[in-house]
Amino acid sequence: MMRWSKFSALLALCSLVLGGQAQARLYDDVVASGYIRIGVYRDFPPYSYLKDDQPAGIDVDLGRAIAEDLGVEFRVHWITPDETLEDDLRNNVWRGSVFDKSDENPLALKDVADVMMRVPYDRDYAYKRDDQGLLINEQVVMTSPYHQERWQLAFDSQKLESVKTLAKFQYHPIGVEVDSLPAFYLTTALQGRMRENTRHFANPRVAFDAMKSGQVSAVMAMRSEIDWLLHEDGSVRYRRAENGFPSMGKQAWDIGIAVREGDRDLGYAVDGVFERMISDGSMAGLFSKYGLTYEKPSLYVTTP
Amino acid sequence: MKRLGLSTGFAVTALVAAMSTASVAQAGVTDKDILNDQMTTEDVVSNGLGPQGQRFSPLTKLNTKNVQELRPVWSFSFGGEKQRGQESQPLVKDGVMYVTGSYSRVFAIDVKTGEELWEYNARLPDGIMPCCDVINRGVALYDDLVIFGTLDAKLVALNKDTGKTVWKKTVSDYQEGYSLTAAPMIVKGKVITGVSGGEFGVVGKVEAYDAKTGDLVWTRPTVEGHMGYIYKDGKKVENGISGDKPGKTWPGDLWKTGGAATWLGGYYDPDTDSIFIGTGNPAPWNSHMRPGDNLFSSSRLAIDPDTGKIKWHFQTTPHDGWDFDGVNELISFDYKDGGKTVKAAATADRNGFFYVLNRENGEFIRGFPFVDKVSWAKGLDDKGRPIFIDENRPGNPAAAEKGSTVVAQPSFLGGKNWMPMAYSQDTGYFYVPSNEWAMDIWNEPVNYKKGAAYLGAGFTIHPTNDEYIGVLRAIDPKSGKEVWRYENYAPLWGGVLATAGNLVFTGNPEGYLLAFDAKTGEMVYKFNTGSGIVGSPITWEMDGEQYVSVVSGWGGAVPLWGGEVAKRVKHLNQGGSVWTFKLPAKAAMAGN
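Chain order of the listed sequences is X and P. Mind the numbering: the first sequence is residues 1 to 304 in the UniProt record's numbering, read in order. Mind the numbering: the second sequence is residues 1 to 592 in the UniProt record's numbering, read in order.
Note that these hints are calculated values from the structure, not bench results. Keep in mind it's a predicted model, so treat the numbers as computed, not measured. No residue lacks a Cβ here, since even glycine has one placed at the ideal position from N, Cα and C. Heads up, some of the hints might be wrong.
Straight line, CA to CA, 25 Å or less: simulated BS3-like cross-link-like pairs of lysine-lysine [said to hold, decoys possible]:
1. K256/P with K343/P
2. K232/P with K168/P
3. K101/X with K570/P
4. K32/P with K378/P
5. K450/P with K289/X
6. K188/P with K82/P
7. K343/P with K101/X
8. K309/P with K154/P
9. K168/P with K101/X
10. K343/P with K188/P
11. K128/X with K82/P
12. K526/P with K112/P
13. K450/P with K51/X
14. K245/P with K32/P
15. K128/X with K570/P
16. K212/P with K236/P
17. K256/P with K212/X
18. K110/X with K82/P
19. K378/P with K478/P
20. K110/X with K450/P
21. K309/P with K212/P
22. K110/X with K164/P
23. K128/X with K567/P
24. K296/X with K450/P
25. K101/X with K526/P
26. K245/P with K336/P
Simulated DEER-style distance windows between Cβ atoms [what the hints assert, rightly or not]:
27. D233/X with G234/P: 36 to 42 Å
28. A438/P with R75/X: 44 to 50 Å
29. D306/P with L50/X: 42 to 48 Å
30. E68/X with G530/P: 49 to 55 Å
31. E487/P with V301/X: 34 to 40 Å
32. N573/P with H172/X: 45 to 51 Å
33. E261/X with G127/P: 51 to 57 Å
34. L50/X with E81/P: 29 to 35 Å
35. E81/P with E68/X: 35 to 41 Å
36. A252/X with I389/P: 34 to 40 Å
37. D306/P with D103/X: 40 to 46 Å
38. A108/X with K478/P: 55 to 61 Å
My request is simple: use the sequences and hints to build the entire structure.
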């Protein structure tokens, strides 16, 4: 049942009552243990995925950089996305999965990440309160912004000369990931005039393949995803569009990490790593290795 | 010590004991046993105590006069770390109870002693993400097999004596968001199952498998436009599109990912040779993305068990914008109308309306609200279609502003959720476990999903009365009148059982097994089982004595969705056990 129902539920509140706490590994414990568990989304290129059976991607590389800085071993913690970020934080940072139980060893610690990557750095979200006035995400700290993400279109230049506005998609089919903001946007914005031409796919890679096989004339996804697909394709036929996204609430958003609320020290350590990488250009270099445009998070953008 | 798969240990000795006690009747369960389940009082071999799912027992030994003498004879713990919601209905055959626990576990228990014979503990993969708690609603029995569905969307058939796997089939890919929680049903030698999963672009379906071999017989998608298939001599043959052509009731290609999950399973009516099964909400959840009726979401379907073809459908909430899943059970019953027998079926929907349909053709006979207030529709027209109140439809989140708050009553958890009602052939009433609650819904522009901005709907569920949320109602399906009601502080989430002893049983989250006078609603029995009851009670007789069993273990969807309702239930403790009661023969004599 219900997909949308959990969106702002008090899961955190009742889970505290229901579930066992994952014991926090504080900064000192992480260093002493000799390893750090970096939480990244499963099968999510170019951020985190398997390449030749090895973890790869922007977020994996950054996780390795954090481990190196702390002088510990990098261990990957794969995250299967749940319905919302709140769920992912609960399952992977502060409480652990309800499936993580062992009858043989009931006192075993829950398997959670010490640092979760690709968590939006958004004050409004971090301090969001539920209908009872309680903080929804009080169990975690969202910190250390390292990237700014936004939406982007790619199109087939043999089907469309250019894409300067979205009006084209009143006439041409466009691919999106099912149950994503682009799906929302294209089926409801501008009085729903693009609705009939919106085609839904399991993820942007499948949508891009559909563009290559001629089923759709364009694909909308996150800019890094589009950049990476264009980079992997390598031809000049598929191109970035120049259009804007009128009446879309959030055009761009900052990305950082999450750590458990009691472990801000680990967050400060990550801050140090990212600050250095952003200022010495190695962050941008890392992104360009994957063919991605790098945009600094707003914290690092100096306004005159 | 427990091991995954099958825990043995003392089971071998217990098995020998069980085989000796049960050696009188070793025959496997047949189609005939299942069809006659309602009248054969010495066993319970189907979910719903009979294929129609009336949950009515003709037993009269236990009745309003002697129910105070009902006493517990044993309690069995599911053990281990795994608690959470226990929504199972036990089955009983030849002195053995087969019951499921949370986390896809099955237990076989000697009903005389309450001792475990065997336990099957499904090995669930990492990264599994079912939507709404780790529950399971029970097994099906056929031949010498115990068949159930797992959270990773597999059907597993176990040998009833050993608990060893005989066959296992993947119904759907859990990685695509599917799972199984409903009790499967046996119809004409086939296992009938639906699928759970309301997200990630799933498409609901109903499937039939050969009960003995696990081979797929037919598959029927529940979203209009998808092709059904039937398997002939191992070959997959096209078997007609569900409904009309793709996209007729959906915009663009949204029919490809339309939802309508069949997560609660169904029942079978031998009179019309139809499977009745309900379908869940359409996807995506935002109704503004998908103008149209969105068939066959939030509907009841009648399906031919031999071919898997849809005979008729009845949609309770077209263009559902409130998550009023239409999965609720459709219960067959006959009634007299001026000397003429009407072959009817009734359903109490999440949306707050009770419907009586002609079960031969799906035509609407009558409908009426069974909850105190319905805010989203003015009523039903003469075809049973809701007359919407447009301003009470949740807003379009793509508007990207918080917008105005809409109050919806009932809340998305429903006037009635999954918990099955009962129909008494004696009183002619339906006993409907229902809840009085409303929800506020608003747009939520600040939300994220998998590293991306997202739009959501914020909501909060609140009780509409200080004194109670749950209401057990006796409803006359002919007049639409509520004959009596019992009000419960916490929401009701367990199934109901009616008996010819003028009794109605149910359980509540406070932990009580409750019995009521079926005619007056007077509470005549209560016993606290130690954790909340969200399962369905059964009754049967053994050695001349009448027994009642129910599982206890608080959980399910209610504690997952906070708000004011969470405050009412957060003190309730989890558990995991089966309680079995009996009326001792002596007390039965005294009561007569």
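Against the structure, the hints:
no., hint, result
1, K256/P with K343/P, "35 Å, violated"
2, K232/P with K168/P, "21 Å, holds"
3, K101/X with K570/P, "22 Å, holds"
4, K32/P with K378/P, "45 Å, violated"
5, K450/P with K289/X, "23 Å, holds"
6, K188/P with K82/P, "35 Å, violated"
7, K343/P with K101/X, "49 Å, violated"
8, K309/P with K154/P, "23 Å, holds"
9, K168/P with K101/X, "24 Å, holds"
10, K343/P with K188/P, "21 Å, holds"
11, K128/X with K82/P, "32 Å, violated"
12, K526/P with K112/P, "23 Å, holds"
13, K450/P with K51/X, "20 Å, holds"
14, K245/P with K32/P, "39 Å, violated"
15, K128/X with K570/P, "22 Å, holds"
16, K212/P with K236/P, "20 Å, holds"
17, K256/P with K212/X, "20 Å, holds"
18, K110/X with K82/P, "14 Å, holds"
19, K378/P with K478/P, "21 Å, holds"
20, K110/X with K450/P, "22 Å, holds"
21, K309/P with K212/P, "22 Å, holds"
22, K110/X with K164/P, "30 Å, violated"
23, K128/X with K567/P, "20 Å, holds"
24, K296/X with K450/P, "20 Å, holds"
25, K101/X with K526/P, "34 Å, violated"
26, K245/P with K336/P, "39 Å, violated"
27, D233/X with G234/P: 36 to 42 Å, "41 Å, holds"
28, A438/P with R75/X: 44 to 50 Å, "47 Å, holds"
29, D306/P with L50/X: 42 to 48 Å, "45 Å, holds"
30, E68/X with G530/P: 49 to 55 Å, "53 Å, holds"
31, E487/P with V301/X: 34 to 40 Å, "59 Å, violated"
32, N573/P with H172/X: 45 to 51 Å, "58 Å, violated"
33, E261/X with G127/P: 51 to 57 Å, "25 Å, violated"
34, L50/X with E81/P: 29 to 35 Å, "31 Å, holds"
35, E81/P with E68/X: 35 to 41 Å, "37 Å, holds"
36, A252/X with I389/P: 34 to 40 Å, "38 Å, holds"
37, D306/P with D103/X: 40 to 46 Å, "43 Å, holds"
38, A108/X with K478/P: 55 to 61 Å, "58 Å, holds"
When each numbered hint is compared with the structure, violations occur for hints 1, 4, 6, 7, 11, 14, 22, 25, 26, 31, 32 and 33.
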